[in-house]
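Student: Below are the chains, spelled out letter by letter.
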Amino acid sequence: MNFIEARKLVHEYFRRDEEGNVEGITTALDQVDLGIKPGEFVAVLGHNGSGKSTLAKHLNVLLRASGGTLWVDGKDTLDENYLWDIRQNTGMVFQNPDNQIIAGVVEEDVAFGPENIGIPTDEIWERVERSLKSVGMLQYRGHSPNKLSGGQKQRVAIAGVMAMEPKCIVLDEPTAMLDPSGRKEVLDAVEALNREKGVTVILITHYMEEVTGADKVYVMDHGRVVMQGTPRQIFSRVEELKSYRLDVPQVTLLAHGLKKAGLDIPAGILTRQELSEVLCRLYGEEGKNPEDTLTG
Amino acid sequence: MSMILDKVNYIYSAQTAYEKQALKNINLKIADGEFIGLIGHTGSGKSTLIQHLNGLLKATSGGIYYNGRDIYEEDYSLKELRGKVGLVFQYPEHQLFESTVFADVCFGPKNLGLPRKETELRAFAALRSVGLSEEYWYQPPFEMSGGQKRRAAIAGVLAMKPDMLILDEPTAGLDPKGRDEILGQVAAMHRELSITVLLVSHSMEDVADYVGRIIVMDQGSILMDGAPKEIFQRYQELEEVGLAAPQVTYLMHGLRENGIPVDTGATTVEEARESILQAFTKAGKLRQ
Numbered sequence: 003m004n005f006i007e008a009r010k011l012v013h014e015y016f017r018r019d020e021e022g023n024v025e026g027i028t029t030a031l032d033q034v035d036l037g038i039k040p041g042e043f044v045a046v047l048g049h050n051g052s053g054k055s056t057l058a059k060h061l062n063v064l065l066r067a068s069g070g071t072l073w074v075d076g077k078d079t080l081d082e083n084y085l086w087d088i089r090q091n092t093g094m095v096f097q098n099p100d101n102q103i104i105a106g107v108v109e110e111d112v113a114f115g116p117e118n119i120g121i122p123t124d125e126i127w128e129r130v131e132r133s134l135k136s137v138g139m140l141q142y143r144g145h146s147p148n149k150l151s152g153g154q155k156q157r158v159a160i161a162g163v164m165a166m167e168p169k170c171i172v173l174d175e176p177t178a179m180l181d182p183s184g185r186k187e188v189l190d191a192v193e194a195l196n197r198e199k200g201v202t203v204i205l206i207t208h209y210m211e212e213v214t215g216a217d218k219v220y221v222m223d224h225g226r227v228v229m230q231g232t233p234r235q236i237f238s239r240v241e242e243l244k245s246y247r248l249d250v251p252q253v254t255l256l257a258h259g260l261k262k263a264g265l266d267i268p269a270g271i272l273t274r275q276e277l278s279e280v281l282c283r284l285y286g287e288e289g290k291n292p293e294d295t296l297t298g
Numbered sequence: 009m010s011m012i013l014d015k016v017n018y019i020y021s022a023q024t025a026y027e028k029q030a031l032k033n034i035n036l037k038i039a040d041g042e043f044i045g046l047i048g049h050t051g052s053g054k055s056t057l058i059q060h061l062n063g064l065l066k067a068t069s070g071g072i073y074y075n076g077r078d079i080y081e082e083d084y085s086l087k088e089l090r091g092k093v094g095l096v097f098q099y100p101e102h103q104l105f106e107s108t109v110f111a112d113v114c115f116g117p118k119n120l121g122l123p124r125k126e127t128e129l130r131a132f133a134a135l136r137s138v139g140l141s142e143e144y145w146y147q148p149p150f151e152m153s154g155g156q157k158r159r160a161a162i163a164g165v166l167a168m169k170p171d172m173l174i175l176d177e178p179t180a181g182l183d184p185k186g187r188d189e190i191l192g193q194v195a196a197m198h199r200e201l202s203i204t205v206l207l208v209s210h211s212m213e214d215v216a217d218y219v220g221r222i223i224v225m226d227q228g229s230i231l232m233d234g235a236p237k238e239i240f241q242r243y244q245e246l247e248e249v250g251l252a253a254p255q256v257t258y259l260m261h262g263l264r265e266n267g268i269p270v271d272t273g274a275t276t277v278e279e280a281r282e283s284i285l286q287a288f289t290k291a292g293k294l295r296q
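Keeping their order, the protein sequence lines are chains A and B. Letter by letter, the first sequence follows residues 3 to 298 of my numbering. Letter by letter, the second sequence follows residues 9 to 296 of my numbering.
Honestly, I wouldn't trust all of these hints.
Listed next, the in silico DSSO-like pairs over lysine-lysine satisfying Cα-Cα at most 27 angstroms (straight line) [claimed, not checked]: (1) A:K261 to B:K290; (2) A:K149 to B:K32; (3) B:K28 to A:K135; (4) A:K244 to B:K185; (5) B:K15 to A:K149; (6) B:K92 to B:K125; (7) A:K186 to B:K237; (8) B:K15 to B:K28; (9) A:K149 to B:K28; (10) A:K262 to B:K185; (11) A:K149 to B:K66; (12) A:K261 to B:K66; (13) A:K59 to A:K199; (14) A:K186 to B:K28.
Short, incomplete list of chain A residues facing chain B, as computed with Cβ under 7 angstroms [what the hints assert, rightly or not]: (15) H49; (16) N50; (17) E117; (18) G120; (19) G153; (20) A178; (21) P182; (22) R247; (23) L248; (24) Q252; (25) V253; (26) G259; (27) A263; (28) I267; (29) R274; (30) C282.
Treat the hints as calculated values from the structure; they're not laboratory data. By construction, the Cβ of each residue, glycine as well, lies at the ideal position given by its N, Cα and C atoms.
Excised from the complex, chain B in its bound form:
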């Protein structure tokens, strides 16, 4: 049970003046239950890549295999694939349209042709999973805050019961608390529903706290693929492609260069704090 991309290429506007190769020879394997951060600067091919994963874009060449089946085979049902691989676009709240949150969440499963009871059960479960309080369920979605609307929109995708959930910049435009809430909720869904999650983000700080694997894209290719600590050690390379490691990574490297023996692998504020305090305590500069 996995998603495999084999030498995937994609060219936009082929044979025009604007021809641009958005994906170059992408080889990728995503196993069940992974929590992955997909990072890259604007225009690096992230959005193009995720649209291949549920068949919205068709590779110019190369193959995509989902659970062992070639999704480009003639009798393969892309509609079914799209039910299994849920894609939450940027600013998904712009796609809310029904008169109540509940009706909006029901829209997806209803279109799968499910009976009404099953549809509603799924909607209830999805709304609970995203942590949207019950008082909003029968309200028009338009009067809720940005973070609440986004939860409602994510619930709409969850109600399709996907095996894999792809979120394109789910925290864009949210305030810091809203960011933490949405990411915390996504992590909880990953844990409790054991779905595979692919999180597209610009923010290293955001993903550092949550994901187990980071894929870095640049100019349509995969530049790095590994655990967050490994990726952030290569912060100079990240800068070259318009990205950056979390702020604390830089601080820790700077301190080490100045002779303070701290752990340069620290990627979160908490890890950095521990490591600095430890170094100061050892040197007798801090009373316990």
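So that you can see chain A by itself, here it is in the shape it has in the complex:
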């Protein structure tokens, strides 16, 4: 059974004028179908305003569907009775860590979630320690979050979600404000969570490089899912991605350019190791230059 299942999910916003009269309707999600299995690592790509964040907010019922159905962990999100259950099992991490941290001390901030759902004190401390350790922030447990850098704050925010021990974690551009090493730390932490604890991960991002390790990629445009597949399938369609204001990893773009120029490179190269291996093989091959192939 899918952990997240959406059928023809629709979300409409009413635009209102100053008197509150409806001026028009914006369709932020338009007939979205999703099927995400437990334990999958799924990436969602799309330009600004494509509906990614609206979708994320549906996954833990911060928003409700105007049409269609969304089941999370087999529970219909339109059913009020499941609200808290779903939220507890689907943790959210947002772009700006400053909006997510509330306590004056790091460990108290991480403890806030489990405390609210009545976890016994001893276990709260265990969870706090485990979560902070998994994001590499244990040594900052006694610090004030205000004094941390953006990347450190974001890792604390993720620890706060992990302390709830959710089955699924939805990250809405968690690395947009971080430097390369901060991005790597956050991604490594998220990938470890997925691999070692089997947590379902839904990562929304603008960084194409972050997507290469995902099991599945959805591309959104104007509220619709316009492409889906493995990273290799998605990134072999360079021109189509560009038409959705997106890009491909630098290495994929380079491979694409070399292939166009006549080198025998397979489509959908994702990493520089792959490209390096292919180029070295092509370069090292004896007597395989095109004239020989033609005459032989």
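For chain A, the structure is supplied; the task is to place chain B on it using the hints.
Tutor: Chain B only, in chain A's frame:
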């Protein structure tokens, strides 16, 4: 006409448990018309440094000289400095507040005490410079896309007619196309308005295509200062301080180690493509 920093130090929360030296002995000269990328990992002191450049933070010790004048002199007008050195913060669109884009852009020059006509002329010019289409000028800023809002916010700073424009992560949170558009626009403003631009960024890929000089910061000090090609050759050092060279730099070094004679100085996809094709053609592995 330049900005000179002489042995600038800055200490946050001095004499408390959280005392932290954010800037250590910074010596820096920025000449007129330069396009500079300021790079460093989170917490390396970039934001602290740029807030010194327009006097929002005052150095704990050391001096800053703008166009030959000490900005810490008693009779120096910091207000005037802030009009000359425009600072666009991260997520500047959060600072939009007026009922229309046009009114928002007028806010800065209006506060300088300029007459209405001059204010509006400047607003028109600024909105044109950022490439925001006229249909949005009299719309509420809140209904525009992220990239458009950011342009409106940058126009608000441009309307102050700064000699120097500092942008703190202007592409954060934008989609790839939006990134290219904003950076392309900044490069065009640098060219056409001949203003000095200081671009703060995490992304080597972003700055590699645009800037003429890169300053790398680490732990409050300037670690490297030079042309992009020189900086990226030192990619191992960059990694040690939590940064990275563009992906193609690594690829090119790897290929060279494996005996393919490519140019390791290539920093963009285009340069790398040319260099690889050249190597393959020379070796007779690619038919023209």
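Student: Indicate, hint by hint, whether the structure satisfies it.
Tutor: Structure-based check of all given hints:
Distance hint between K261 (chain A) and K290 (chain B) is fulfilled; the C-alpha atoms sit about 17 angstroms from each other, no more than 27 angstroms. Restraint check for K149 (chain A) and K32 (chain B): the C-alpha separation of about 18 angstroms stays at or below 27 angstroms, so the hint holds. A hinted pair counts as satisfied when its Cα atoms are at most 27 angstroms apart, and K28 (chain B) with K135 (chain A) qualifies at roughly 24 angstroms. At most 27 angstroms may separate the alpha-carbon atoms for a hinted pair to count; K244 (chain A) and K185 (chain B) meet this at roughly 8 angstroms.
Under the criterion of a C-alpha separation no larger than 27 angstroms, the hint pairing K15 (chain B) with K149 (chain A) is consistent with the structure, at around 25 angstroms. Between the alpha carbons of K92 (chain B) and K125 (chain B) the distance comes to roughly 20 angstroms, so the proposed pair stays at or under 27 angstroms and holds. With a CA separation close to 24 angstroms, the supplied pair K186 (chain A) and K237 (chain B) stays within the 27 angstroms bound. For the hint pairing K15 (chain B) with K28 (chain B), the CA-to-CA distance comes to about 17 angstroms; that is within 27 angstroms, so the pair holds.
With a CA separation close to 10 angstroms, the supplied pair K149 (chain A) and K28 (chain B) stays within the 27 angstroms bound. The suggested pairing of K262 (chain A) with K185 (chain B) holds, with an alpha-carbon distance near 22 angstroms, which does not exceed 27 angstroms. A C-alpha spacing of about 19 angstroms is found between K149 (chain A) and K66 (chain B), which places the hinted pair at or below 27 angstroms, so the restraint holds. For the suggested pair K261 (chain A) and K66 (chain B), the alpha carbons sit about 54 angstroms apart, so the restraint of at most 27 angstroms is broken.
Taken as a hint, the K59 (chain A) and K199 (chain A) pair is honoured in the structure, with Cα atoms around 23 angstroms apart against an allowance of 27 angstroms. Pair hint K186 (chain A) plus K28 (chain B) holds up; C-alpha atoms about 25 angstroms apart against a cutoff of 27 angstroms. This hint holds: H49 (chain A) has a C-beta 4 angstroms from the nearest C-beta of chain B, less than the 7 angstroms allowed. Checking N50 (chain A) against chain B by beta carbon gives a least distance of about 4 angstroms; that is within 7 angstroms, so the hint holds.
Interface hint status for E117 (chain A): violated, as the beta-carbon distance to the closest one in chain B is roughly 26 angstroms, over 7 angstroms. The interface hint given for G120 (chain A) is violated, since its Cβ lies 34 angstroms from the closest Cβ of chain B, which is over the 7 angstroms cut-off. For G153 (chain A), the shortest C-beta to C-beta distance to chain B is roughly 4 angstroms, which falls under 7 angstroms, so the interface hint holds. Because the smallest distance between the Cβ of A178 (chain A) and any Cβ of chain B comes to about 4 angstroms, under 7 angstroms, the interface hint for this residue holds.
The closest approach between the C-beta of P182 (chain A) and any C-beta of chain B is roughly 5 angstroms, which is under the 7 angstroms cut-off, so the hint is satisfied. With a least beta-carbon distance of about 4 angstroms to chain B, the hint placing R247 (chain A) at the interface is held under the 7 angstroms criterion. A least Cβ separation of about 6 angstroms between L248 (chain A) and chain B falls short of the 7 angstroms threshold, and the interface hint therefore holds. At its closest, the beta carbon of Q252 (chain A) sits 4 angstroms from a beta carbon of chain B; the interface hint therefore holds under the 7 angstroms criterion.
Given the 7 angstroms rule on beta carbons, the hint for V253 (chain A) holds: about 5 angstroms separates it from the nearest Cβ of chain B. Taking 7 angstroms as the C-beta cut-off, the interface hint given for G259 (chain A) holds, the closest approach to chain B being about 4 angstroms. This hint holds: A263 (chain A) has a C-beta 5 angstroms from the nearest C-beta of chain B, less than the 7 angstroms allowed. Taking 7 angstroms as the C-beta cut-off, the interface hint given for I267 (chain A) is violated, the closest approach to chain B being about 10 angstroms.
With its C-beta approaching chain B no nearer than about 5 angstroms, R274 (chain A) sits inside the 7 angstroms limit, and its interface hint holds. Residue-level restraint check for C282 (chain A) holds (minimum Cβ-Cβ distance to chain B is 5 angstroms; threshold 7 angstroms).
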